[in-house]
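Enquirer: Here is what each chain is made of, one letter per residue.
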Amino acid sequence: MLPIREGLIVAGILFTLGVVGVLVRRNVLFVLMSIEVMLNAAGLAFVVAGTRWRQPDGQVVFLFILAMAAAEVSVGLALVLELYHQYKALDTDAISRMRG
Amino acid sequence: MLQLLWLIPAIPFAGALLLMVFGPRLRSKAVAAVGVGTIAASAIISLLVAAAFLSAPPAANAYTQTLWTWIDAGGFHPEIAFYLDALSLVMIVVVTFVSFLIHLYSTEFMRGDEGYSRFFAYMNLFVASMVTLLLADNLLLLYLGWEGVGLCSYLLIGFWYQDPANGRAGQKAFIVTRVGDTAMAVGLFLLFHSLGTLRIQDLMHAAQNHWAAGSPYAIAAAALLLGGAVGKSAQLPLQTWLPDAMAGPTPTSALIHAATMVTAGVYLIARTHVLFELAPPIQFAVAVVGAATLLLAGFSALTQSDLKRVLAYSTVSQIGYMFLALGVGAWGAAIFHFMTHAFFKALLFLAAGIVIEALHHEHDIFRMGGLRKELPVAFWTFLIGGCALAGLPLITAGFYSKDLILWSAANSRAGSAGLWGVGIAGVVLTSLYTFRLIFVVFFGQASTPVSRRPGAAMLIPAYVLAFLSIVGGFDKAPFAAFMATALPALPELSRGITEAMSSAAAGAAFLAGILIAWYVYLRNPAASRSLVANPAGRLLHRFWFADWGMDWLYDRLFVRPVVWMAAANKGDVIDSIYDGLARAAALCYRVLSLTETGKLRWYAAWIAGGSVVMVAIVVFL
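Line order of the protein sequences matches chains A and B.
If you count the first sequence from 1, position 40 lands on 40 in my numbering, and the numbers rise without skipping.
If you count the second sequence from 1, position 357 lands on 357 in my numbering, and the numbers rise without skipping.
Read the hints as simulated data drawn from the structure, not as lab findings.
Treat the hints with care, as some may be off.
Among the chain B residues that face chain A by a calculated CB cut under 7 Å, a handful are [said to hold, decoys possible]:
# : residue
1 : R583
2 : T597
3 : G598
4 : R601
5 : A605
6 : A608
7 : G610
Since this is a predicted model, take the numbers as computed values, not measurements.
Yeah, the Cβ is synthetic: ideal placement off N, Cα and C, and Gly gets one too.
Go ahead and model the full structure; you've got the sequences and the hints to work with.
Expert: Below is the structure:
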């Protein structure tokens, strides 16, 4: 059985790493990967919480998150490809034509 | 016959509507036929009604015709109803008859004017409004007519609107009379609030039953009505609009600004005389206003050089006599003077119109002169009108009516020898300025050639009015007896001034005026120049010429402060609050739009930071 405290701390660390990755990395691919890390952190939190209450729901939600992540990555990668076609670059700061 | 009463205002109103809608498409002959025909019909009907009224007086000497209920709201249900008694009968007969003559005159005077049909539409509307005012059974309907004639006055003063000065004169007349009308409207509210009705007869009975003489309500109501009357009748302190109103066509000046509309104030006071009898201080104020106005306007008339402005000041002065009569309780004498004044003042304006038209619209009397031979008809009619105005003893109508007022001023309980003296001084002035006009315009050297002679349509009205200016005064005794059926008699109090003494004094005053005018303007013209040349004379001349500086005073007191406030508040102080709101919103938008950089990582950072803040709020609060 996973100890809830440590499990949540690991999830928090993973989520923070993901956020920092999104904010710091300029390469779109790395941003996508960081988002995956954040999603998995959330999934880990669900699983830990599920074992704490001895319920299968946490793991069920994790399956949903996996499916959602797969869909998100497929859309995301399609966008990345399109961006690369348009700009010949994967730098998010270079793609900033929509500003106020 | 009395049932035809409603047609008297209805026919001119229909004529006005017809001319407003179809006027521009009609030929000028048709326009003249409609414009004059409706008024002629109206005049004939009013004569028929008068004949019926005189031959078989209705019960209580009054006839009421109710057409329909105008407004029905709670306890307030004024009707469209006409009330005919001796007072309104005399007024409508004079108004419709003089209107008919002036309309006839206008067909020729206004010929070729591009606003021909517009002119007759306004004039017909004026007659309809004026008759409504006179016949109104309740004060609300009277107020409708009152504002209607004010509107027509405004429209006709600014008739030649291409000249901005005419438009300004119209606005001045409208705004100045509006001051009085506002007072009158407040007076109506007060009367309805405290007595619960606006029907004039009920109102008078209720006032007599509920208010003691000198009670504050009666004083307030009478004072407010006096405010309205003073504005409409161009008395002190609201007289400044009338001389400028001469910017309108001459028939307009004759009809509206001399014969009929400006006497509406006199009619109002005579109609509500019960209120004034209940408020002795205000009735005394009426007499004082009249006396002061007749003197001040007389002095102003002495200095004017515009033919029509002299006549305008003399109108103000003559209405001052009527107010004097009202103030001393000589109600019938005021109406008598209204009638004779309508005849001779309309005549003077019509003769002046002939002169002005003959001289290419020249208004300056010092550029006229010697017209006695060139325009004999204008000379004789003007002379008759002038004699009636100045009060040539025993012959002219003006003498009889003015004499009655003077005698009443001396022998009324409300009168005094002082008021009588002012009246006599006014006669000297009247005679002086009238004969100044006659001597300067018709005698001496001709200076402008005559370009056009009047036709029949302009001459006939002048002849008829000249006839009436003479015989109009011989019916003094029957007139007084007839008026006594509607208005109370003079509260007599002998002060030792007999009728013969008063008449003799008036006659002497008339002669004195002529002699001075003859000496100064015919015998020794250098005298008038030297009078104006010395500094005191020049100062007085300028002062009187500018109507005692009233326009200057009002300009400083009212016009400039308002204009200054408008200029200072051009940006609208109150609006700046809402402007500020809009500006704050725009500022927020600008600041927020700075955050929209297009940089994906910043957006993510804002979302993350925002989430942290939200979670923090939820967790810690």
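Enquirer: Verify the interface restraint on B/T597: the C-beta must sit less than 7 Å from at least one C-beta of chain A.
Expert: Holds, because the Cβ-Cβ distance from B/T597 to chain A comes to roughly 5 Å (cut-off 7 Å).
Enquirer: Taking 7 Å as the limit, does the beta-carbon of B/G598 come near enough to a beta-carbon in chain A?
Expert: Cβ of B/G598 sits 3 Å from chain A, so the hint holds.
Enquirer: Taking the closest Cβ pair, is B/A605 under 7 Å from chain A?
Expert: Interface hint status for B/A605: holds (5 Å vs cutoff 7 Å).
Enquirer: Interface hint check: B/R583, Cβ to nearest Cβ on chain A, cutoff 7 Å. Holds or violated?
Expert: 19 Å, violated
Enquirer: A closest beta-carbon separation below 7 Å is what the hint needs, so does B/A608 meet it against chain A?
Expert: Status holds, d = 5 Å.
Enquirer: Would you settle whether the hint for B/R601 is holds or violated, based on the nearest Cβ-Cβ distance to chain A being less than 7 Å?
Expert: B/R601 check passes; min Cβ-Cβ to chain A is 5 Å, inside 7 Å.
Enquirer: Quick check on B/G610 please, does its C-beta sit within 7 Å of some C-beta on chain A?
Expert: For B/G610, the interface hint is violated, since the closest Cβ of chain A sits about 13 Å away, which is over 7 Å.
Checked against the numbered hints given earlier, this structure breaks hints 1 and 7; the rest are met.
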